[in-house]
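J.: Line by line, the protein sequences give chains A and B. Oh and the first sequence: position 326 is 326 in this note's numbering, straight run, nothing missing. Offset between the second sequence (1-based) and this note's numbering: plus 380.
A hint or two may mislead.
What the hints assert, rightly or not - Quick list of the computed label-pair ranges, beta carbon to beta carbon:
| id | chain 1 | residue 1 | chain 2 | residue 2 | range |
| --- | --- | --- | --- | --- | --- |
| 1 | A | Ser299 | B | Pro598 | 13 to 23 angstroms |
| 2 | A | Tyr311 | B | Glu435 | 40 to 50 angstroms |
| 3 | A | Tyr311 | B | Gly600 | 17 to 27 angstroms |
| 4 | A | Ser299 | B | Arg431 | 31 to 41 angstroms |
| 5 | B | Ser438 | A | Ser319 | 46 to 56 angstroms |
| 6 | B | Gln643 | A | Thr303 | 43 to 53 angstroms |
Said to hold, decoys possible - Residues from chain B that keep clear of chain A, each with C-beta distances beyond 10 angstroms, as calculated:
| id | residue |
| --- | --- |
| 7 | Val415 |
| 8 | Gly531 |
| 9 | Arg532 |
| 10 | Gln535 |
| 11 | Lys620 |
| 12 | His647 |
| 13 | Ala652 |
As the list claims (entries may be wrong) - Okay, the calculated bits of chain B under chain A, using three or more residues with CB under 8 angstroms as the criterion:
| id | region |
| --- | --- |
| 14 | 403-409 |
| 15 | 474-488 |
| 16 | 496-506 |
It should be emphasised that the hints constitute simulated quantities derived from the structure, not laboratory data. Bear in mind that the values here come from a model prediction, so they are computed numbers and not experimental data. Backbone N, C-alpha and C fix where the C-beta goes; we use that ideal spot for every residue, glycine too.
Each chain is listed here by its residues.
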Amino acid sequence: MATKKTTTAKPATKQTTTAKKKKATATTDDVDVDVVEHRSSKRVGSDRVVAVIGAFGFLGRRVLARLEEDNEVDRIVAVDVRSGISSLDDGEDDDHRAVLLRHPKLSAHTLDLTTPGADRELADILRTEDAGALFHLAFLSTPTHHQEMAHELETIGTHYVLNAAREAGITRLVSLSSTMCYGARPDNPAFLNEDHPLRPPPSRTLKDKADADEQVRRFAAEHKDIAVSIARLGAMVPTAKDHFWTRIFSRRLVPAVLGYDPMMQFLHPDDAVEALLGLWRARARGHVNVVGRGYLPLSHVLTRLERAPLYLPAAIGSSIIGTLWQAQLIDMPQHFFGFLRWPWLADDKRLKAITGFSPRHDLSTVLTVLAASRTAKEQP
Amino acid sequence: MSKHEHDQWSGEGAPVDDVADDAGFDPFGKDPAVVAAMRPRLHTLLDKWFRVVVEGESVLPPAGRVILVANHGGALPWDALVLMSAVARATGREIRPLVEDPVIGAPFLGTLMSRLGSVRASQDNATRLLARGEACLVFPEGLQGLGKSWGRRHQLQRFGRGGFVRLAVRTKTLLVPVAVVGGEETAPLVGRFEALKALLPDTMPWLPITPTFPLLGPLGLLPLPARWRIRFGEPIDPRKTIKDEGDAVAINALAATIRDRLQKDVHELVEARGSAYL
Numbered sequence: 001m002a003t004k005k006t007t008t009a010k011p012a013t014k015q016t017t018t019a020k021k022k023k024a025t026a027t028t029d030d031v032d033v034d035v036v037e038h039r040s041s042k043r044v045g046s047d048r049v050v051a052v053i054g055a056f057g058f059l060g061r062r063v064l065a066r067l068e069e070d071n072e073v074d075r076i077v078a079v080d081v082r083s084g085i086s087s088l089d090d091g092e093d094d095d096h097r098a099v100l101l102r103h104p105k106l107s108a109h110t111l112d113l114t115t116p117g118a119d120r121e122l123a124d125i126l127r128t129e130d131a132g133a134l135f136h137l138a139f140l141s142t143p144t145h146h147q148e149m150a151h152e153l154e155t156i157g158t159h160y161v162l163n164a165a166r167e168a169g170i171t172r173l174v175s176l177s178s179t180m181c182y183g184a185r186p187d188n189p190a191f192l193n194e195d196h197p198l199r200p201p202p203s204r205t206l207k208d209k210a211d212a213d214e215q216v217r218r219f220a221a222e223h224k225d226i227a228v229s230i231a232r233l234g235a236m237v238p239t240a241k242d243h244f245w246t247r248i249f250s251r252r253l254v255p256a257v258l259g260y261d262p263m264m265q266f267l268h269p270d271d272a273v274e275a276l277l278g279l280w281r282a283r284a285r286g287h288v289n290v291v292g293r294g295y296l297p298l299s300h301v302l303t304r305l306e307r308a309p310l311y312l313p314a315a316i317g318s319s320i321i322g323t324l325w326q327a328q329l330i331d332m333p334q335h336f337f338g339f340l341r342w343p344w345l346a347d348d349k350r351l352k353a354i355t356g357f358s359p360r361h362d363l364s365t366v367l368t369v370l371a372a373s374r375t376a377k378e379q380p
Numbered sequence: 381m382s383k384h385e386h387d388q389w390s391g392e393g394a395p396v397d398d399v400a401d402d403a404g405f406d407p408f409g410k411d412p413a414v415v416a417a418m419r420p421r422l423h424t425l426l427d428k429w430f431r432v433v434v435e436g437e438s439v440l441p442p443a444g445r446v447i448l449v450a451n452h453g454g455a456l457p458w459d460a461l462v463l464m465s466a467v468a469r470a471t472g473r474e475i476r477p478l479v480e481d482p483v484i485g486a487p488f489l490g491t492l493m494s495r496l497g498s499v500r501a502s503q504d505n506a507t508r509l510l511a512r513g514e515a516c517l518v519f520p521e522g523l524q525g526l527g528k529s530w531g532r533r534h535q536l537q538r539f540g541r542g543g544f545v546r547l548a549v550r551t552k553t554l555l556v557p558v559a560v561v562g563g564e565e566t567a568p569l570v571g572r573f574e575a576l577k578a579l580l581p582d583t584m585p586w587l588p589i590t591p592t593f594p595l596l597g598p599l600g601l602l603p604l605p606a607r608w609r610i611r612f613g614e615p616i617d618p619r620k621t622i623k624d625e626g627d628a629v630a631i632n633a634l635a636a637t638i639r640d641r642l643q644k645d646v647h648e649l650v651e652a653r654g655s656a657y658l
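Starting from the given sequences, assemble the full structure and let the hints guide the process.
T.: So, in structure tokens, the structure goes:
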């Protein structure tokens, strides 16, 4: 872990060559020497400058706000495909200046991770801004019919982000993943811990996420001098209305599997943000499950949300869902059906051990908040 | 009964939140409300229908982790249900049967079983349960036990790879053999329907055929009025004969010893019971 602050940014081209040379001479069996060399020769970004990729997304905006309050942070570098300050305007302020005033540390950059060369562009941004820490939050929050775009963003985009992080001397990286990547399976243990293999269903959405998760893991193994953590978030509600679980539960009828009733966990977004910041502060390494407190069977969740289950027989339910998804009549792709049938609870002991943080909102609270947010929307 | 040191095992894979919701569910899906609602009905079933007789239940430690080892039989896992409620009534302990994938994965049945306290059999789940100080019930015969036909009733099948002994050694837990008679007569397996597997839930290896099922439709799943006998054996401390969980030969030897004891008890119970139904 490199903690020292090196402020002078060398010119871009020179940096690139040093990094390349470094890579060629680096030996994997002598990690300690490697780390020392990195520290002495490689330019390292400032610990007090934090970059957030996907900064204007649902989680990103909340992370930005928390970083603004943090005394350890001098500057925040926001990178997003959505341009500028207007994305931060949540409708409460008509005046952009008010938004700017709330974000005095912010400098925003527009970048599309799906364009070739995004890694170079991002590296330039990070280097110019002298960023030392990086949140990689540029992931889709819901399955999409635009599978090519999703693939470009999540797997190739992650590849670019990792390239840029290496080039720009990032020393702390927090990346996103999902506990859905474990897959819901009949032979899952009651609690999945981080050592459990990722066995996502044959859904492209989840395969892309699992691939990104694996890329970051490999990156971490190859770059021991960078503290890399991967937060596997559980189902999160209530979120923006287009997010997967929030959207599923916003319907009056929720698909369910006849004769099955798996235990579910739900994570409050505030807890997700706190966990991400905790991982960043602790310079955590490795995979960490981030899930909500408590569990209930799906049927009880639906009762509390006053939602009616639409029971489908297991044998044909997934085909029905698949057909409806293809016809764009339902928000759930075929292979997400398993998450309503088999267990996929995750264990967040590791998060507590590393960061000392455990989610504050229990399941009852989360469901109450979700129900309330929905009623508020339905009434007007 | 030998004293057992419960504090020697740190409980790796220890519990997350025991009960984190006001509904009181545990992470394995057990619902105290369902347990409470079903208890009087199950007790009536045990008394009036199955006429269960339990002997030797005082060997079961009143608290703390323990592994019950039972023989397995019948087309449906009635033995898990009967043992669960018989032990609860005799000793006040709510035991957690570890059941096979096809049982816990079956529609309705699996959900009901987990609401009542059953858990999918796996080392990971069992370790967590024991770390919580629960009493686990294992059926080392597994599916072989459920899949044996009427002609082979009361004959114990092979005891797998001794996973339950390994579990006991690793978690420093006592093993209590429990012989059960009545499962085969309650749901006699006369055939296994393996054709048209595509119609079965993907976790079920076969559809059981009993004298009444599927002949009478869902009604055929109702239990026959067999008489049940349950006998607890002396607890066994696996660490007396086994050094560590790598000691595969000693592990299999202990598994075989327990199997022999259970087989002997089963024969005695069958003999003592007399007629299975009257």
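J.: None of the hints should be skipped; say for each whether it holds.
T.: Hints versus structure:
no.	hint	in the structure
1	A:Ser299 x B:Pro598: 13 to 23 angstroms	holds (21 angstroms)
2	A:Tyr311 x B:Glu435: 40 to 50 angstroms	holds (44 angstroms)
3	A:Tyr311 x B:Gly600: 17 to 27 angstroms	holds (23 angstroms)
4	A:Ser299 x B:Arg431: 31 to 41 angstroms	holds (35 angstroms)
5	B:Ser438 x A:Ser319: 46 to 56 angstroms	holds (54 angstroms)
6	B:Gln643 x A:Thr303: 43 to 53 angstroms	holds (47 angstroms)
7	Val415	holds (14 angstroms)
8	Gly531	holds (31 angstroms)
9	Arg532	holds (28 angstroms)
10	Gln535	holds (28 angstroms)
11	Lys620	holds (30 angstroms)
12	His647	holds (35 angstroms)
13	Ala652	holds (39 angstroms)
14	403-409	holds (count 5)
15	474-488	holds (count 6)
16	496-506	holds (count 5)
Going through the hint list in order, the structure satisfies each hint without exception.
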